[in-house]
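K.L.:
With the hints as constraints, model all of the structure from the sequences given.
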Amino acid sequence: MFEILFISTINGILYGMLLFLMASGLTVIFSMMGVLNLAHASFYMLGAFFGFEITQHMGFWAGLVFAPLIVAGIGMVVERYGLRHVHRHGHVAELLFTFGLTFVIQEVVEMVWGKLPVDYRVPASLDFSAFTVFATTYPAFKMFALLVSVVIFLALLLVIRRTRIGLIVQAALSHPDMVGMLGHNVDRIFMLVFGVGVALAAVAGVIAGPVLVTQSNMAGLLGPILFVVVVVGGLGSLGGAFVASLLIGLVQTYAVAFNISLADVFGSSPLTGNVAFYLDDLWNVTVAQIAPILPYLLLVLILIFRPRGLMGTNNR
Amino acid sequence: MKKLVASTVLALSVIGASAVPAAADNIKIGYVDPLSGGAASIGQIGLNQLNFIADTANKNGGINGEQVEVIGYDNQINPQTSLVQVQKAIDEGVRIIIQGNGSSVGSAIEGFVAKYNRRNPDAHIVYLNYGAIDPVMTNDNCSYWHFGFDANTNVKMAALTNFIKQRAEIKKVYLIDQDYSFGHAVADAAVSMLKEKRPDIEIVGNEFHPLVKITDFSPYIAKIKASGADTVITSNWGQDFSLLIKAAGQSGLDVNWYTYYAGAAGGPTAIKQADMSGRVFQINEGISNLGYEPAEKTAREYGARYKDAPVLFPRIFNTTAMLFKAIEAAGSQDPADFIPKLEGMKYASFSAGGDSFMRKDDHQLFQPLYISSFGPLANDKAFDEEHTGWGWNKVGEIAAKDTVVPTTCEMKRPG
Chain X
1 MFEILFISTI NGILYGMLLF LMASGLTVIF SMMGVLNLAH ASFYMLGAFF
51 GFEITQHMGF WAGLVFAPLI VAGIGMVVER YGLRHVHRHG HVAELLFTFG
101 LTFVIQEVVE MVWGKLPVDY RVPASLDFSA FTVFATTYPA FKMFALLVSV
151 VIFLALLLVI RRTRIGLIVQ AALSHPDMVG MLGHNVDRIF MLVFGVGVAL
201 AAVAGVIAGP VLVTQSNMAG LLGPILFVVV VVGGLGSLGG AFVASLLIGL
251 VQTYAVAFNI SLADVFGSSP LTGNVAFYLD DLWNVTVAQI APILPYLLLV
301 LILIFRPRGL MGTNNR
Chain Z
1001 MKKLVASTVL ALSVIGASAV PAAADNIKIG YVDPLSGGAA SIGQIGLNQL
1051 NFIADTANKN GGINGEQVEV IGYDNQINPQ TSLVQVQKAI DEGVRIIIQG
1101 NGSSVGSAIE GFVAKYNRRN PDAHIVYLNY GAIDPVMTND NCSYWHFGFD
1151 ANTNVKMAAL TNFIKQRAEI KKVYLIDQDY SFGHAVADAA VSMLKEKRPD
1201 IEIVGNEFHP LVKITDFSPY IAKIKASGAD TVITSNWGQD FSLLIKAAGQ
1251 SGLDVNWYTY YAGAAGGPTA IKQADMSGRV FQINEGISNL GYEPAEKTAR
1301 EYGARYKDAP VLFPRIFNTT AMLFKAIEAA GSQDPADFIP KLEGMKYASF
1351 SAGGDSFMRK DDHQLFQPLY ISSFGPLAND KAFDEEHTGW GWNKVGEIAA
1401 KDTVVPTTCE MKRPG
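Protein chains in written order, with our numbering: chain X, 1 to 316; chain Z, 1001 to 1415.
There's no promise every hint is true.
[Unchecked claim] Computed list of chain Z residues with no C-beta within reach of chain X, every gap over 10 Å: (1) Arg1167; (2) Val1191; (3) Ala1222; (4) Lys1412.
[Claimed, not checked] Computed beta-carbon distance windows for the label pairs: (5) X:Phe99 - Z:Asp1275: 38 to 48 Å; (6) Z:Asp1308 - X:Val104: 19 to 29 Å; (7) X:Ser125 - Z:Lys1172: 33 to 43 Å; (8) X:Met1 - Z:Glu1196: 26 to 36 Å; (9) X:Gly82 - Z:Lys1381: 32 to 42 Å; (10) X:His57 - Z:Asp1308: 18 to 28 Å.
For the record, the hints were derived by calculation from the structure and aren't laboratory data. Every residue, glycine too, gets a C-beta built ideally from N, C-alpha and C.
P.N.:
Okay, structure coming up:
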């Protein structure tokens, strides 16, 4: 019992940190620009594919540096020539624009890399097991992902809260005219923020690519859970996203580990007749079976009882 | 002026197109499978193979002198969409429907086609199913207008458990499957057949997880490890298989895997990445490298044409070869004429020419099945999978006659 509890905790933390790695860029863009970027997962996918391509020729570390830079470049172009114009027409236009962008990126990826998964491997220098607990090995690469995740969290927190850059960026969101009067180029600030946000997505892609499956549909599969993380944590709250990622990672992992159903707790169903016929399934379903649905249940509960999320600042 | 010229050209070209004699005699095959979305990679491979088969047949003068035409219909692996697409295909003159991905889709099409033929006595649509293997399709819900070319889950599990029976080292088995009709059918068959053939084997887990929703399988791997299993049986396919096997590789889970679809798109890549040479077994209707020249010739030609995805599904080649044989024997491309020829047909299967037959009672094909393990290939084997350098090595073969299982089908025949 202790064994599975312990291992589930480690698995939950590792998965949660991977989620945070993916969601951090989304939070940055939302908290600093007020743009909910539906195409975030697509930039994550671009990061994975660029990472794969660069790894083939120059090695993994070059991929980790250059893929995010390339994606940042693409992101800034998108912001400069697309999003900026759409921005004037309000949030709905922005949402539709980024939504459309997901299809464009997916089609382009399929044209270039095809629909089959590519063979994106963990680099040899990190391809060993970091430690072994209860005969379960933990790959060094996952530890590396955890480390990167924590570093990004701390760095972002520091930049936003403690530096002049963070100050100006935050001011640009709430008082763009004033910041402009003071001699800062607000448009350029937004462009850079968008670039940084999608670059973070690309970092996540480069790192998650070898762990998961690098394929042209990876964006669509990941998209929904990222929004759960961001909404549960509180839209735009970096700390909230961090806590929510861990929470979702742990909840999901623990739930899988236990085969408990309502029937186990309260005994066999008290219902009879037709009602029992329809509700028996519900009564006997185990927590493990519904584990992957739990984050979405959490999302619904949060929206009902605490719409601003765990650590959000307002009800926007 | 420019506009006038353009519209004139357009009008002329429309007239030109309609002036070509209508291709009424073409044998039209409607391929209804996912061509967009998550499962598109697998669906597209099937379409590639049908196009390849049609082109080869047409180059050799067609079937009964008639050209074969393949039309793809994207069903997004959704039963409702599939029915819309089947209707569209029928409206466009297609009378042969081919589909293979997803038993939920297959069951819907089977029911739709039976109903359509009943309501339109002159129509005669046939549904050739190369991959939906929920046993209900050739048992309780069997139909005269449906043919199953892949071994259904019960047939495969019977063969797989016969293989497991001989392996005394297997003591604890864990089952993990996707939570939908197909996954449950496989798990139920495994539980009942293992109990019958090897009552000493302990089933230490029977897990179902949601379909294509999991990104992190390490909690499931932790559970398998905690159960003390030495063998896992799974019917997972696509990314649910890839992620499962990669998670197992990362946590150093030391078990053997018996699978239905390890060879499907993406599977071989994942096994290679997890570095599980000789640990992953699959049961299917054929593999490359069986040393059968006709199959190897086809594989070479196909691989040269589709370099990006040189994956062969022998079941598609079996389906079309038997279809063409029936059309030639009947001298007609009307399903009402060639279905009697398909029933009870004897046929040498694609991968190694083994004896196969289409059972008349339920329209289920019985064919040699192969159990193979994935790993480095011996020097004389030419075909690797997905450019991994590894391939399938045969470890067991079950003749068609040894795979026969009873059916509950009571087929209603027209007339």
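K.L.:
Confirm or reject each hint.
P.N.:
Each hint tested on the structure:
1. Under the 10 Å C-beta cut-off, the non-interface status given to arginine 1167 (chain Z) relative to chain X holds; the minimum distance is some 23 Å.
2. Every CB of chain X is more than 10 Å from the CB of valine 1191 (chain Z) (nearest about 16 Å), matching its label as outside the interface.
3. The beta carbon of alanine 1222 (chain Z) sits about 5 Å from the closest Cβ of chain X, which is not more than 10 Å, so the claim that it is off the interface is violated.
4. Its beta-carbon lying about 30 Å from the closest one in chain X, lysine 1412 (chain Z) satisfies the requirement of being farther than 10 Å from that chain.
5. A hinted range of 38 to 48 Å holds for the C-beta pair phenylalanine 99 (chain X) and aspartate 1275 (chain Z), which are about 39 Å apart.
6. At roughly 21 Å, the beta-carbon separation of aspartate 1308 (chain Z) and valine 104 (chain X) lies within the given 19 to 29 Å, and the hint holds.
7. In this structure the hint that serine 125 (chain X) and lysine 1172 (chain Z) lie 33 to 43 Å apart at CB holds, the actual value being about 37 Å.
8. Roughly 33 Å separates the CB atoms of methionine 1 (chain X) and glutamate 1196 (chain Z), a value that falls within the hinted 26 to 36 Å.
9. The hinted range of 32 to 42 Å is not satisfied by glycine 82 (chain X) and lysine 1381 (chain Z), whose Cβ atoms lie roughly 51 Å apart.
10. Here the CB-CB span from histidine 57 (chain X) to aspartate 1308 (chain Z) is close to 19 Å, well matched to the stated 18 to 28 Å.
In terms of the numbered hints stated before, the structure departs from hints 3 and 9, listed from lowest to highest.
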